[in-house]
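Plus 50 on top of the position in the sequence shown (first one is 1) and you've got our numbering.
Please keep in mind that the hints were generated in silico from the structure rather than gathered at the bench. Treat the hints loosely; a few may be bogus.
[To be verified] Calculated cross-link-like contacts (lysine-lysine; reagent style DSBU-like; alpha-carbon spacing at most 35 Å): (1) Lys-90 x Lys-78; (2) Lys-85 x Lys-56; (3) Lys-102 x Lys-66; (4) Lys-90 x Lys-104; (5) Lys-104 x Lys-78; (6) Lys-66 x Lys-104; (7) Lys-85 x Lys-66.
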Amino acid sequence: MFEITKATKGSASILKSLNALDITIQDKNSLSYLKEVSQKGLFALEALPDIKLKTQYDETDAQFEGTEVLVEGTIRVNESIEGTGLSENFVIGQREDFRGHPRSIYWTQIQAGGGNDVIVGNHSGRRPSSNIEVWGEGGLDQFESTQRNGSMFSIMDMEHGETLTTHEDYDQVEMIREFNNGEKVFHVGSSSNPNSPTHLMVVEAGSTMLQALDQDGNNLYICLPEM
51 MFEITKATKG
61 SASILKSLNA
71 LDITIQDKNS
81 LSYLKEVSQK
91 GLFALEALPD
101 IKLKTQYDET
111 DAQFEGTEVL
121 VEGTIRVNES
131 IEGTGLSENF
141 VIGQREDFRG
151 HPRSIYWTQI
161 QAGGGNDVIV
171 GNHSGRRPSS
181 NIEVWGEGGL
191 DQFESTQRNG
201 SMFSIMDMEH
211 GETLTTHEDY
221 DQVEMIREFN
231 NGEKVFHVGS
241 SSNPNSPTHL
251 MVVEAGSTML
261 QALDQDGNNL
271 YICLPEM
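Throw the hints in and build the complete structure from the sequences for me.
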């Protein structure tokens, strides 16, 4: 999670700011973008201090909203969690078959409600699968799903400075749509397994996605202003 600030003569280059956090850039397009932004001094990138979380939620806090029967008898379990305007932590843990049904899909809608929030998908496995649809709302949020077959995110309002951290297999980002209002839709998937499900991000107008690696080898996607 990063704050986008106005570049000044004293601002470090974005590349140096990321290197100081042990974040490396391997993607050539991302590297070229960083160098050009730093040379032109368009904006600076600063890491926000550690969030002081006020409240924590997990899957047991989700309100059951009913079920739907999908193709081949798959059960979709709809549930929701509503946060507040404080900085909060949402961790959706390991899911089990819904009432013993061997084909279950959990669809968890989170309205984070503002604040600098951390939303984590900590489930592993495709049966059942865990899908998290998030509206972060105000504040700067970070999203994490680092299990190889983990929770899949649909981030509905990603803003400049917000991040998505994924397993190293999820190494491919692609813009698939741009709306009339300038918002864009990006998919993050696996180049080694094109049939894998994808993360989805709806980003604010005038945005691009920077691809990097964190110190643990996970892919880190940062929403930044477009040049």
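Cross-check of the supplied hints:
no.: 1; hint: Lys-90 x Lys-78; result: holds, 18 Å
no.: 2; hint: Lys-85 x Lys-56; result: holds, 17 Å
no.: 3; hint: Lys-102 x Lys-66; result: holds, 26 Å
no.: 4; hint: Lys-90 x Lys-104; result: violated, 39 Å
no.: 5; hint: Lys-104 x Lys-78; result: violated, 39 Å
no.: 6; hint: Lys-66 x Lys-104; result: holds, 32 Å
no.: 7; hint: Lys-85 x Lys-66; result: holds, 10 Å
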